[in-house]
Structure formats: C-alpha cells, structure tokens
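For reference, the chains in residue letters:
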Amino acid sequence: MIIIPFLLFLSLAPVIANVFGVKHSYRTGTITFSVVAVMSLYLMLDGYMSYHAVGQYVAVGIDPLTSGFLMILSTVWALASLYSTEYDQNSTSNSLTYNTAMFAMVILLFSRSFPVFLSAWETMTISGYFLIGMRKIVGPIPPYVFLVYGELSTLFIIAMGSAIFFQTGSMIFVHGPYNEILLFLGIMGFFIKMGVMPFHITEWLPIAHGNATTNGSILFSATMTTAAVYSILRFVLLAEPGIFLGSLLMGIGAFSLLFASIYSASSEHVKMLPAYSTIENGGAMLILLGAFIIASDSGFPDIAAFALAGLMVFVLAHSLAKCGLFMFSGIMEKASGSPEIKDYHGGSNSTFYGAGGVLNSLSLSGMLPLGGGIGEWMLLETLFILSIIGNSPLSLLSTVVGAAAALGGGISIISMTKIFGYGSRGAHEGKRREGTMRTALFLAGIMVFLTGILSTFYIMAINPLVQEFTGVGTLGVISGLLIIPDGFLVTSHSPAGLFGVVSPFFVALFIALFSGFMILIGRKFRKREVSTWNGGILEETTLNSFAYANSLRLTMKRLYLTREEREGNLYSEKTFDAFWLAVVFLSRKTVEFSRAMGRAVMNSSLAAYVFYIMIAFFLVMIYVVS
Amino acid sequence: MSSWMFRGLRKGRVTTAFPWKPPESVPVWTTRPVWKGEGEVSCPADAIKEHRVDIGRCISCGYCSSAYEPNGSVDLSIVNGKERIFARSYHVYLFDAGTCGSCNLEIKSLTNPVYDMNRLGIFFASTPKHADAILVSGIMAEGMREPLKRAVEALPEPRLVFAIGACAISGGILGKAITEVVDADVIVPGCPPNPFTILNALLKSRGDS
Amino acid sequence: MNPGDQITGRMRSGEKQFVLRGYGNPLWSELRSGEEKREDFMICDGRYGEISQGSDVFNLAYGPSTGGLEESVRFNIYTYGERILSIVAEPHYKDRRIVMTGTDPVTALLRIERINGSYSPFYSTLFLTALESLGDAGNDPDLGYARILMNETARMVDHLHVIGRLAEGAAQRVASHQIFALREDLLRIVSARFGHRYFFGVNGYAGLTRKVDFKGISVEIERVASQFREIWLKLEESRIFVDRIQMTATVRKPWLLGPAARGAGYRTDSRISSNGLPYGDLDMQIPIHESGDSLSRALVRKDEIAESASIIRAVEGLIRQVPDAREITEKSFEGEYTTRTEAPGGDAVMWIAVAKSRMEAFYLRPPSIQNLAAFCSGISGNVLTDFTFGFESLGIHVSELGGYL
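Residue numbers (the numbering used here), protein chains in the order written: chain A, 1293 to 1918; chain B, 101 to 309; chain C, 2 to 406.
Take these hints with a grain of salt, some might be off.
Computed footprint of chain B on chain C; a stretch qualifies when at least three of its residues, placed anywhere within it, have a C-beta under 8 Å from a C-beta of chain B [as the list claims (entries may be wrong)]:
{"no.": "1", "region": "61 to 68"}
{"no.": "2", "region": "96 to 103"}
{"no.": "3", "region": "197 to 206"}
{"no.": "4", "region": "379 to 385"}
As a list, the in silico DSS-like pairs of lysine-lysine whose alpha-carbon atoms are at most 25 Å apart [unchecked claim]:
{"no.": "5", "chain 1": "B", "residue 1": "Lys-111", "chain 2": "C", "residue 2": "Lys-235"}
{"no.": "6", "chain 1": "C", "residue 1": "Lys-212", "chain 2": "B", "residue 2": "Lys-136"}
{"no.": "7", "chain 1": "C", "residue 1": "Lys-332", "chain 2": "C", "residue 2": "Lys-212"}
{"no.": "8", "chain 1": "B", "residue 1": "Lys-182", "chain 2": "B", "residue 2": "Lys-121"}
{"no.": "9", "chain 1": "B", "residue 1": "Lys-121", "chain 2": "B", "residue 2": "Lys-149"}
{"no.": "10", "chain 1": "B", "residue 1": "Lys-229", "chain 2": "A", "residue 2": "Lys-1819"}
{"no.": "11", "chain 1": "B", "residue 1": "Lys-208", "chain 2": "B", "residue 2": "Lys-111"}
{"no.": "12", "chain 1": "B", "residue 1": "Lys-229", "chain 2": "A", "residue 2": "Lys-1816"}
{"no.": "13", "chain 1": "B", "residue 1": "Lys-182", "chain 2": "B", "residue 2": "Lys-136"}
{"no.": "14", "chain 1": "A", "residue 1": "Lys-1819", "chain 2": "B", "residue 2": "Lys-249"}
{"no.": "15", "chain 1": "A", "residue 1": "Lys-1849", "chain 2": "A", "residue 2": "Lys-1866"}
{"no.": "16", "chain 1": "B", "residue 1": "Lys-182", "chain 2": "A", "residue 2": "Lys-1819"}
Ranges of calculated distance between the beta carbons of each label pair, as one might list FRET restraints [stated by the list, open to error]:
{"no.": "17", "chain 1": "B", "residue 1": "Lys-182", "chain 2": "A", "residue 2": "Val-1793", "range": "30 to 36 Å"}
{"no.": "18", "chain 1": "C", "residue 1": "Gly-404", "chain 2": "B", "residue 2": "Ser-226", "range": "28 to 34 Å"}
{"no.": "19", "chain 1": "B", "residue 1": "Thr-115", "chain 2": "A", "residue 2": "Val-1793", "range": "23 to 29 Å"}
{"no.": "20", "chain 1": "C", "residue 1": "Pro-255", "chain 2": "A", "residue 2": "Leu-1878", "range": "48 to 54 Å"}
{"no.": "21", "chain 1": "C", "residue 1": "Glu-237", "chain 2": "B", "residue 2": "Val-134", "range": "46 to 52 Å"}
{"no.": "22", "chain 1": "C", "residue 1": "Gly-68", "chain 2": "B", "residue 2": "Asp-175", "range": "42 to 48 Å"}
{"no.": "23", "chain 1": "A", "residue 1": "Ala-1804", "chain 2": "B", "residue 2": "Thr-115", "range": "18 to 24 Å"}
{"no.": "24", "chain 1": "B", "residue 1": "Lys-182", "chain 2": "C", "residue 2": "Gly-68", "range": "46 to 52 Å"}
{"no.": "25", "chain 1": "C", "residue 1": "Pro-255", "chain 2": "A", "residue 2": "Val-1822", "range": "33 to 39 Å"}
{"no.": "26", "chain 1": "A", "residue 1": "Glu-1832", "chain 2": "B", "residue 2": "Ser-226", "range": "14 to 20 Å"}
{"no.": "27", "chain 1": "A", "residue 1": "Thr-1824", "chain 2": "B", "residue 2": "Glu-242", "range": "20 to 26 Å"}
{"no.": "28", "chain 1": "B", "residue 1": "Glu-150", "chain 2": "C", "residue 2": "Thr-102", "range": "53 to 59 Å"}
For the record, the hints were derived by calculation from the structure and aren't laboratory data.
Values in this document were obtained by computation on a predicted structure and should not be read as measured data.
C-beta: ideal position from N, C-alpha, C; glycine also.
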C-alpha cells in the first residue's frame, strides 16, 4: 500500500527541490532515481503486484511490467540528472520542465485508468513542449509541428479510450479482447510519440530544430520512446491482439528501421543523428513487439517469451546507450560550439569521455557483446525462427522484415562510427579533465557493457514480467553448453529444437583474453612515432564527416533526393528527408488555412494556435462528459 | 576465366631462372665498359679516368665503343649495408626524386611475370611506413628534397636506402645526386640499370649469395 | 631579347604549335586576349585544372610520392566525398630544370634522350633532324626508315605499358601481367638489336652510332603484336574491364592531341605532316574512335599497336644500308629550326636555336601537357575510383613536364 505513494514521492522530490535551486534539483534527482531504480529492480524480481482504485476514474497499480520499465527509466534519469548537475547550472525553466516530465512518466507507468493515463501523457507532452518552447527557435514551424504531433497522439489515444469505454463501460483498464482496429488507432498515438516513420519528425524536430538541451534530448529520445513502448505493451497485455496487428507492427517497424538508419547515416547534425538512430531502434522494438504478438497468437509461447525478452533487452540497452550518446554529443557540442559533426575535431581528450562514447555508440550499432548487439541478435533469431515455422505469408513477411533489419543494422554502423570517430579524434580542449558530465557518460557506457555481458542474468530477472504475458517465462532461454556454465548462454529454440546460441560473457572474455595476449606480445617491441605520411609533404588532408557518408548520398540519390548544385567553382550538395518536406508543405498549408479561418472567425493573429486549442479542448470536454 | 588459364598454360613458364641461372637477356650497354687495351675516347659523362670507368657516373650511352667493350655482367651494384632480417620478406618503396621515367619502369618491371620478384619474397609497399628499403631513382629535384627526407625518416629501422641509376648516384649529366640529401647504403649503376641488375642488388642487400 | 627567354613551350597558332608556361610572360596576356575565344587553342600556364569551393568541399591531397603513381606528381582532388568536383595537378615537384642553354650539341642530345626515357627515340630524332637540317647533312632515306622503325617500336612499348597499367587499374591483373610480359619481350628484342632497352645512345648525327641488325626484327615484333591481339580479345570480353573504363574521364576538346584526340573523333596525327621522317612513303591507317572516354583511348592505342607492327614490317623491307653516325664536333651549327613528330602520347614540337655550335635556346612542347590538362578537365564529375582509369588511359609522363634552362 505504501509502495506506490513512496515511489511517487521520490519521483516528485526533484520537482520540489527546484525551490532550493537548479543544482539541488538535479542532485536530488540523481539520488532519488537511483533509489527508485534499486527498489523497482527488487519489486520486479519479487513479482510484486498491487492495485488501488479510487472511484470510477482513478486507478493505479504496480506489476512486474511497471517495475521493469520503472527500473530502466529511473536508471536513465539518475544518469541524466547526474550529467545535468554540471551541464545545466542555471536554467530553472529547463530543470523544472525536465523534472516534471519525469514525474509524469512515473505516473504513466502506475496508471490503470484512462483519465490518469491521459493526464500523465498530456503532462509529459506539455512539459516536452515547454522544454523546447522556452528556448530560441529557428522558425514558427518547429513548435507548431511538434505540438500538432503531440496532441495528435493524445487524440488517437482519446479515440481508443472512448471506443473502449463504449465497449466495456469502464474508464478503468480492463481485459479485452478489444476491436483490433480500435487498438491499432490507439497504438498509432504511441507510434507518434515513439517517432516511428512516417511520424519520425516528432523525434528529431524538437531535438535538432528546437535546439533542445542534452537532458531534454535524453528525455525525448531515450525515455519518451521507452514510455511509448511500455504503453503499447500495457494495452497489448489488456487486449491480447492477433496476427493482424502483429504483422502490421512488424511491417511498420521494418520500414522505420531501414529508412531511419539511412537518414541517420547522412545526418551531419550532432543531435539529429542520434535522434534518427532512436527512430531506427524504435523500429526494431516494434518488430520484436510484432513478433511477440504473432508468436503468442499462433500458440508458440516459447518464441513469444524469447521475443519479449529480446524486446526488454533492446529497451534497456537502447535507453542507456542513447542516454550515453546524447551526453557524448552534448559534451562535444559544448566544447566545439557547433552542432555540425563536420566541424568537430573531437570533444575532449578525457578517458571517461572516450570510453563512454565508444561503448555507447558500439552498442547502438549492434556490436556483440554489448546490450545493443544482444538485442539485435535476439531480433534476428526471432525472425529466423518465425520464417521457418510460420505459414508462407508469415515466412515471407519475416524474411523481408529480417532483410530490412539486417540492412538497417549494417547501415547504422556508418552513422555510429561517424559520430564516435569524428567526436573523439583529437581534442578541442587542451587540458585533460574529467568531471560529472564525463563520469555520467562513462557510467552509462559501463552499464551498457554490463547489460551486454550480464544480459543472461537480466533475462532471468525479467522472468516475472515475461511470465505475466506468456505464462512461460524466460528461464528456458538461458542455459549452458560445454565449458559455458549454466546461466551464461542465451539460447533460442524453434519447435524443432535448439536453434541458436550466444554467450555474451564468453564473447567478452574471449576478446579480453585475445587483446590482453596481443598487448603482452606487443609490449616486447619498441614503439616508434612517425608523422603522417601524406605523399611526402606536410599538409594534412582531413576527410570530413560529410565525405564519410557521401557515397551513400550519391548511390541512394532517389531516397535522399540528393541535389548537387554548382555555381562557377562553388559546389554544394544537399539531401532531404522526403517525409519532412511533405510535412513542411502540409503544415504551411494548414497555417495559411488556419490564419485565413482565424481572420474570418476570430480576427486574431494567434488564430491558428487558439483555433487548434479550442478544438482540442472541445474534444476533451466531449470525452469527459461522455 | 578458364580461357585465361588455358592461355597461361599454352604460353608456358616465362619467369626467369635468375638468380640460379645467368640472366637470359642483358642490354649490354647498361653493364660495365672495359678498356680493350687500345684507343682513347672522351666520355661525355666524365666517367672514364685512366682507362678505368667510374660506373656510378656511366650513363650507358656507348659513345666509348671504339675503345671499350661492355662486360655483360649484371653484378654491378655496390652494397655498403646489408640486412639479413629481410631474407624472407622484403618490402620496398619506389621513390622518384627526378627521373626520366625509365628507372621507374625498370624497377616496376620486377613485378611482371618475367622477373616476378614476389617469388623471391620481395614486394612493393605503398607507403614508406610499411617498407624495409627505399629505392630512390633520378636526380635530386628541388621539389623532392623534403619528400625524400620525410620518406627516409618514415622508414622503420633497420632500413636500407638504394640509389638506383646514374642520376641518383652521381647526378649523371643532368643534375645533383640524391646522396646530397640522404646516404645510400646500396648503389645500383646503369642508365637505367636493367631489371636483373636491380634484382641482383636487392638480393645482395639482404645477404643472398 | 630572344622571345623564347620567357616561354618554356610553344603555342599553336595557325600552322605552328605553341604552349606558353610560366607566369609574368609578356607574350602570355597578349596571346591570351587574342586567342582565348578560339576553341581549338589551349594556353597552359603551368596550372592544370581548377580549384573548387563549397561548404563541404575539401582537398584530398594525393602525392607527390605515392605507391599508386609511377612518377612524382601531386594532385589536389577537390571533393565532398566520392565525387571528384575538380582536380588541380602540380607536376612541378620533380621538375629537373634541365640545363640546355650553352651546352654543346652532344651533351644536349644525351640530355634530350633523358627528358622522357620512354620517348627517347622520338625526342632524339626531333633534335637530330633539326641539327641535320642546320648542318646540311642531307636526308638519307635509310636513316629515316631506321628511325621510323625505332619510333614505332618505342610507340608499341609505350602503348603496351599504358594498356597494361589501365588493365591493372581496372583489376584485370591476369591480363595486365600478360601485357607486361609482352612489353618485356618487346624490350628484349630492342635490347638484343640496339644494345639498350630505351634506345639511349643509339640515334646519332646523320646515322646510327652502332651497327644494328634489322633483319627479321619485324617478324619478332609481329609475334608480340599478334599475342597482344589475342590478349585484347579476351580482355574485351570482360564486362568488368569495359564497364570500368567506359564513360570515365570523357574529354572531347579540339585542342586534344594524339590518342586522346583520335579517341574523341578528331583525325589528327602529325606523322602525316611531319617534316622529319619519311612517313609519306608508307601506307598508313589512322584509327579513330568517337566516345572520348578511357575505353576509346585504349581502343586507339590497341589499333595503333597493330598499325605500328605493320609499319615496321613495311620499313624493314625498305632499309638497305643505314649510315654510321658522324662526329657532331666536326661541324659548326648556326640558326634555328622547328620540328614535330607524333610521340605515343601525341604531337610533340621542338624548337632549337644554335649559335656557334652552342645551344642558344631550346623549347619542347611535349604531349603530356595537353594530356594532363585533358585529364584534369575530363575527370571532373567522375567518382574517386575513376581517377586511375582516367590517368592511366592518357599515358601521361610527368618527367617531360619540367622546364628547361
């Protein structure tokens, strides 16, 4: 009974601590969210469940799904808050909105009724809006588009909620089955928040164009996406959807993954690149989610459990690594004063910075034995198994999705090596210094590393969560083989038997032994430093980051809408996000239309905005009254 | 693809038996001219003093043919520094300090199937940083001074510097020698030295008999 | 003041070929203003190619000393990645500044042979033709035929080298090795007959310095040519080879010379109008290809190898007794003379001025000037991989791009 209020209090503490100053609020956040993380880990392991309803409208609860996600999110928040103590020392508006958004997400995890869920969702969105809305913004379109997308997602969720209310007569979450189309409508709302293609503008727009702060970016990219995945899972748990929704999620996920990885590789903006990478990872999570739904619906609980475990590994690895990558880019941006990767000659020569950067970016590019690598392996294994067990349409779908996932995963190596390579080479700062920012980044890297090599134990830890969904649990996924002791091997099973194995811990051990051996041998020889050989002259050529990915821009001209221009001997090459161009066009038209309407109806210069607010308010009223 | 293989088989072995057998074809005037015992000539390259030919200055023009005869031996090079460590794997970097192009072509000829230096464990490196020896040819052109210094510095130790051709050794009739800038461990005379002479010098420099 | 003091090459105006190099030349601006509108006219002032700018554009420096290029030359490749926007070539690094002024004709001849080792018989022939004309040495047809034979053999050697390098660049290593083995065969034929693989010291004043046995040489050379034909037919079958060099470094400018011009559809060959050698006595075909790309240039060279072999066959039958070279020191030379010939890379023009048997001025306009300019112009817009195909297909010799004192 006391647990939920206590956790809520801990999450609210940083908001209150703003009274004592920005720094104190972040410090409080670091401490309280660390406590929340440890507590929620315990609750998840324990399989703790509780539920409280107040009247017809308000209900909160806790189950392994909630505590599992709370553990992931609060870990990221603790790290982000630690980072913020050095990063942001004086912006109260920033820290207040940041802390509020986190609090809102905690409520979201606990909510068990639509009014609570929606108010948490709206608070999160509005806090996000203020996070960018109170900063200098390039033009009128970014905040407008962001708000439209944010509220659009709310509208979709409201629509689903109303439909479910009419179907079940309850505002409190109850088990389905629901109409799949209606469910899909609600999931569309979560898609928008996740920034899945073609709604991905909501992901990079506030971060890149709105020039969001680093902790804001972490909030948008690493945790709001995770909160959206949680929400989908929550409704999937309630509704038990079928193969139709599963296939749809897999298709959309594959599309999102592939396109986002392509756009990510060409991105030259230090925050836009990680933001595109989030869209890509969001796609991967959707694929796993879809595979989980299909496997559950087709009566393969083992495969469903494996897919869900993969999803949870992916969510954890992505949240941590993305948090780390944004810290990395934040340090780089602060040191060089430019958001363009091509201007970088490295952010800092600190060891923490380099180690944190490489671990996080390698994880995001799907390298074993890091968390991202395990997640990607589990994703591909699931698809392999689905492609051999299913009927032919499912096999075809799994094969196509698998091909897209593998291709996108490959391309993500370009973007990740680019951001890490250009960010860590040389240094902008002459003096070597470590600090809270770099320590937080390093901690994120270490956690990503541990998530990877100890993923077998993490998979065992989420057993209660997976059991809640599939009834099978994850213990069957973990075993041992030959010299590998029990508990260190991830296995995948097809109905025919053992399918694939990987032991992250032993992969790491092998790499460590091999490199240790090489270092031991190498130490015998003298080291010699020579200057760069560049044809015999001193001038050094620098291959800039733009050139690093330009072969992609030229070979995939149609996708990037690459335009090469020349005026005399002045050359330029531009690429575009086709979806973004369409949105800009549409939003311009909408603004024009709203202005015209505004002049005609309300005669106000803020017409568009007010007009929109009115409609949103009107819809909410209808919903509440009904 | 198979047609290439058949052509290769039909053509048979083209690779020389050198160094185990004497070279099949020697352009005689790139070898050392020896006084016949009578007659006087004036050498346009000032390579002849008291009937002895300074082979490092000889430009292989053959203008002394009335009193001198080439001896036809490809064992012309002078090796001042040997490195036996290169016996199995020998990577060389070709450096053009200011040639007419023929020395470079003769050095590059070593990779063709006729000479095939790879069979002897000798390879070209694309950068001096990965090379054991640097083969410098041509006169010391002003613009190549700095690059030559840098290239020699970039070579890991132990290293060998070759001066290949009359231009590199003495400046010939065109300019200054490369020895103004770097010390040469091995000198390979000729204008240009024929591939057998260069191959012979490479083998000698790693201690092959 | 000798007008040549400040020009280090010649330009083409009407009948004459000129190329000016060096900044601050008073003739330069004068000629440029009058002639720049003419499309068939190119002034080269020592700068090749143009610089590109733009926010993401950078200079990818290549050279001067690299493992990929046979001679020292520096390229500034302006790119924003993958695409070559433009190239600026700097051949001056290995400029040897060969001293010609004030030297006696014997030293001058030896130096001229070493301007470009591959073109040695061409340039020595140019110089000796000029000298023989100034010294009234007569015009011995046998000597002319012998020089044609030497030149055509050297042309075959150079063409084999260019095609071999091109095949190597296009990853056809088997073909390239076979072509280089053929080139070695040809050089050995030359070595056995002439005593030197690059004809150094062979060409003399009004004769040859050595007794050369020409009997049966055309049969040996024909064997090389027919083997090359066989290799080429196989090489042509390779789609990889053709795809790589087709449509790369396409250049079609009226100022082109040699295989570059003939590969772009221009019927130009100064062997027809040469004032030195008796090419007029021979029945000669000029191969023409239209596309102007690396493949067309390779095709022209391939055809010319066969053509040279047939010229050699024809001249071997015409040679009766080649006179021995006369001592240059016995004569006194006075005056100036311009000669031209078709070197493997294209038309080469030499102008000498001699006073009291000493060189007063020496100017050479080698074909590599145009070929390097053609490379810089044609490679723009191609991708970085095409660099090798473009450069090797033009057969540029950096050594001859230097200046003379």
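Hint check results:
Counting residues of the region 61 to 68 of chain C whose beta carbon lies closer than 8 Å to any beta carbon of chain B gives 4, which reaches the threshold of three, so the coverage claim holds. Using a Cβ-Cβ cut-off of 8 Å, 4 residues of the region 96 to 103 of chain C lie near chain B, which meets the minimum of three, so the contact claim holds. Only residues whose C-beta sits within less than 8 Å of a C-beta in chain B count toward coverage, and the region 197 to 206 of chain C has 6 of them, enough to reach three; the restraint holds. Beta-carbon proximity to chain B at under 8 Å applies to 0 residues in the region 379 to 385 of chain C; the threshold of 3 is not reached and the given coverage is violated.
A hinted pair counts as satisfied when its Cα atoms are at most 25 Å apart, and Lys-111(B) with Lys-235(C) qualifies at roughly 15 Å. For the given pair, Lys-212(C) sits about 18 Å from Lys-136(B) by alpha-carbon distance, which is consistent with the 25 Å threshold. This hinted pair checks out: Lys-332(C) and Lys-212(C) have alpha carbons roughly 23 Å apart, not beyond 25 Å. Taking the CA atoms of Lys-182(B) and Lys-121(B), the gap is about 23 Å. The hint holds against a cut of 25 Å.
The straight-line distance between the Cα atoms of Lys-121(B) and Lys-149(B) is roughly 34 Å, outside the 25 Å bound, and the hint therefore fails. For the hint linking Lys-229(B) to Lys-1819(A), the alpha-carbon distance of about 13 Å falls within 25 Å, and the restraint holds. Distance hint between Lys-208(B) and Lys-111(B) is fulfilled; the C-alpha atoms sit about 22 Å from each other, no more than 25 Å. Simply put, Lys-229(B) and Lys-1816(A) have alpha-carbon atoms about 20 Å apart, close enough for the 25 Å limit, and the pair holds.
Taking the CA atoms of Lys-182(B) and Lys-136(B), the gap is near 34 Å; set against the 25 Å cutoff, the hint is violated. Under the criterion of a C-alpha separation no larger than 25 Å, the hint pairing Lys-1819(A) with Lys-249(B) is consistent with the structure, at around 21 Å. For the suggested pair Lys-1849(A) and Lys-1866(A), the alpha carbons sit about 10 Å apart, so the restraint of at most 25 Å is met. Of the supplied pair hints, the one linking Lys-182(B) and Lys-1819(A) holds, its CA atoms being roughly 23 Å apart against a limit of 25 Å.
The supplied range of 30 to 36 Å is broken by Lys-182(B) and Val-1793(A), whose beta-carbon atoms lie about 55 Å from each other. A C-beta distance of roughly 30 Å is found between Gly-404(C) and Ser-226(B), which places it inside the suggested range of 28 to 34 Å. Under the hint 23 to 29 Å, the C-beta atoms of Thr-115(B) and Val-1793(A), about 50 Å apart, miss the expected range. Evaluation of the 48 to 54 Å hint for Pro-255(C) and Leu-1878(A) yields a pass: the beta carbon distance comes to about 53 Å.
Take Glu-237(C) and Val-134(B): their Cβ atoms lie about 49 Å apart, and the range 46 to 52 Å holds. In this structure the hint that Gly-68(C) and Asp-175(B) lie 42 to 48 Å apart at CB is violated, the actual value being about 29 Å. In this structure the supplied range 18 to 24 Å is violated for Ala-1804(A) paired with Thr-115(B), their Cβ-Cβ distance being about 47 Å. For Lys-182(B) paired with Gly-68(C), a C-beta distance near 25 Å fails the hint of 46 to 52 Å.
For Pro-255(C) paired with Val-1822(A), a C-beta distance near 48 Å fails the hint of 33 to 39 Å. For the hinted restraint 14 to 20 Å between Glu-1832(A) and Ser-226(B), the CB-CB distance of approximately 18 Å keeps it satisfied. Between Thr-1824(A) and Glu-242(B) the beta carbon distance is about 23 Å. The supplied range of 20 to 26 Å therefore holds. Distance hint check for Glu-150(B) and Thr-102(C): the Cβ-Cβ separation is about 32 Å, which falls outside the suggested range of 53 to 59 Å.
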